[in-house]
Structures are given as structure tokens and as C-alpha cells.
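Assemble the whole structure, with the sequences as input and the hints as a guide.
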Amino acid sequence: MTPNPYFFILIFCAVALVFPTMPLALAWLWRRFFQPPKPGAEKNATYECGVESLGEAQVQFRSQYYLYCIIFLIFDVEAVFLVPFAVAFTGLPVGAFIAILVFLLLLIEGLIWAWSKGCLDWAR
Amino acid sequence: MSEIDEDLRSELQRQGVWVTSMQDLYNWGRRNSIWPLQFGLACCAIEMIATAASRYDIARFGGEVFRPSPRQADLMIVAGTVTKKMAPQIVRLYNQMPDPKYVISMGACAISGGPFKQGYNVLKGIDRYIPVDVYIPGCPPRPEALLHAFMELQRKIDSQKLTGDTKAEHLDPSQPSEFPVPAFGEHDLEPAANPDMFHPPKIERQS
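Taken in order, these protein sequences are the chains called E and B.
When the letters of the first sequence are read in order and numbered with my numbering, they come out as residues 295 to 418.
When the letters of the second sequence are read in order and numbered with my numbering, they come out as residues 4 to 210.
Where hints are given, some of them may not hold.
Said to hold, decoys possible - Some residues of chain E that are not near chain B, with every Cβ distance over 10 Å (derived):
hint, residue
1, 304
2, 326
3, 328
4, 335
5, 345
6, 357
7, 359
8, 375
9, 392
10, 393
11, 395
12, 401
13, 403
14, 413
15, 414
Unchecked claim - Calculated pairs, EDC-like style, for lysine to aspartate or glutamate (alpha carbon to alpha carbon, straight line, at most 16 Å):
hint, chain 1, residue 1, chain 2, residue 2
16, E, 332, B, 172
17, E, 332, B, 102
18, B, 120, B, 191
19, B, 88, E, 346
In case anyone wonders, no lab produced these hints; they're calculated from the structure.
Since we're looking at a predicted model, the values are computed, not measured.
For glycine and all other residues, C-beta sits at the position ideal for the given N, C-alpha and C.
In C-alpha cells, the structure reads:
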């Protein structure tokens, strides 16, 4: 008689259930009969760096940081474009030079605009 | 839990039968898997690192798993000078370790303040706040000394009782698991030592 092919899945499920629950049950029994639990304020504290935590965990972050980050990214990418420009500077035709100058001026204009809008003020 | 007669045990072992008690099994497991807290304070920490590295290889004794979290550590090796600024953090970390927990006071500084004993900001021994199991003298102690302390600790763990009046402290509900954390006072840590625990011997000076 061959067993149902799904019978092995049943065995697998039983083992999968017993395997993790057995250590937990043993730990519970050990606690019950030998080692009394000794909880405390320090032991149950959330942080484990040795320094007492200050204030609340649910603090609000300013969205200003997001704007700052975006502006930083733009100018960071600008630096990436400036590097090949600087490397090829001596061999550039006038047209290319003016093109990169326009590109720079556009970005500077953007910086002035962001500045005048107050995006660079950290705390408003 | 009853103790096995040693003669009977060795006789059985000769016949290929290995018997043990729950206490022996428990202590065997604990003593061969001591996880120290990854925590160094000063130059002694360098020796501790050397002990953990391949030349001295604390893994031979089952102590190579240095845990960065007190929640997973069994052993705190106070390796180095304890400043008064650092002492509350050490006591807090010790409090956060789960029982059973042990402390090795490594080097002259951790024992008594060592060469900096007269310093205004140096704690004169970590045993003022937490119970210490093994003291290692030296400045700094060599890795062999730390290994020796580790083996002494293993010997201590091996001798701890599971039941009875002399059972281990972590199994006794009346024994504390946490110790008061000192606070920064105006001039010194307050209290300067845990009065319930720190009883230094009285020195009789002869004039």
C-alpha cells in the first residue's frame, strides 16, 4: 500500500511545528522550575548602548531637510559635469565653452532663486 | 539531580556508557559557550583583541563569539581604565545583560584604578558597583593571563549548583540581577560605591 503523496507534507508540517516550539517549551519549563525571571527597568529598556535615552521616540522631522537634499543633489550632479569640462578645458572650441557657461549660469540662477525663496534657511 | 558516584561514573565510562546529571549538562553547556561582551575601554582591550585573534585563539575555550549587544552576552570583560564618566554606562550595560552573567575585571585599572588611582576622574575599581568574578592583575595582563582568567571562570561555572541552599546566584530569586546606576554628583559619582555590595577589607596600619 502506498501512502497518500501528501502524507509527507503532513509529516513535514508536524516537524516544522515541533522544531521551533520545542526549544520555547523547554525554555519555559526551565524558567518555571529553575531560573526565576528577574526583569527590571534597565533590563527592559529599549536601547542597549549604555546611555539613557532622552525624550520621545516619535519626533517630527522637518520637511526642510528634503528640499535641502534635493538642492544638494542637483549641485552635486553639476560637479560631475564640471569635471570633464575642466579636463578638456584647453582644447575646447568657443561654442562649447559658451554652452557650458550657459549651463552654469542656468544653475546659478536656480541657486539664486532657491536662496531668495528661503530654501537654504535651515530652520524657519 | 542527585550526584553520581564518581567511581560508578568512571566504571560506566570504561564500559562505553556516558552518564551525566542535569546540573553537569547545564554547566558543561554554559562553560563552553561563554559569549563575552564586545567592549573595550583602554589598552587592556588590545590584549583582549589579541586573545580573540588567531595566535591565542580564545575560540579554543568557546569564548570567541564577542557580542556587540549586552542582551546576547554572558560575560563582561572590563578591559581597561574605568573613568567616572564611563562607570554609569558600564553598570547599565551590566544590568542589561541577561542572567547568568559574569564579570572579569581585567588589569590593574579595572581592579583598583591602577596607575591612575590618584586621578580625579578614574574609578577606583569596577567592583564598587558590579560584582566581579575573576580579577586579573597586570598592566596590561598578557593574553595568557586573560585565558587563565577565562579558565578560572569556567571552573567557577562548573562548580555552580543548580538546586539547594548553595545554588548559583542567578537561580536564586532573592538575589538581585540589576545594580543601582551611579549618578553624576557635584564632585564625584553618587554613591561613590554600592554600600550593599562593596565591603573592602579594613587595613590595620601599624605606627
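Do the hints match the structure? See the list:
1. 304: Consistent with the label, residue 304 of chain E stays out of reach of chain B, its closest Cβ about 33 Å off (over 10 Å).
2. 326: Holds, since 13 Å exceeds 10 Å.
3. 328: violated, 6 Å
4. 335: violated, 8 Å
5. 345: violated, 6 Å
6. 357: holds, 34 Å
7. 359: At about 29 Å from chain B, residue 359 of chain E clears the 10 Å cut-off, so the statement holds.
8. 375: Given a closest Cβ separation of 42 Å, the condition holds.
9. 392: It holds; residue 392 of chain E is separated from chain B by about 57 Å at its closest Cβ, greater than 10 Å.
10. 393: holds, 53 Å
11. 395: The claim holds: residue 395 of chain E sits with its nearest Cβ about 53 Å from chain B, beyond 10 Å.
12. 401: The assertion about residue 401 of chain E holds, with a minimum of 44 Å to chain B.
13. 403: Nearest chain B Cβ is 50 Å from residue 403 of chain E, so the label holds.
14. 413: Holds, since 40 Å exceeds 10 Å.
15. 414: holds, 38 Å
16. E:332 with B:172: holds, 12 Å
17. E:332 with B:102: holds, 8 Å
18. B:120 with B:191: Holds, because 14 Å separates the two Cα atoms, which is no more than 16 Å.
19. B:88 with E:346: holds, 13 Å
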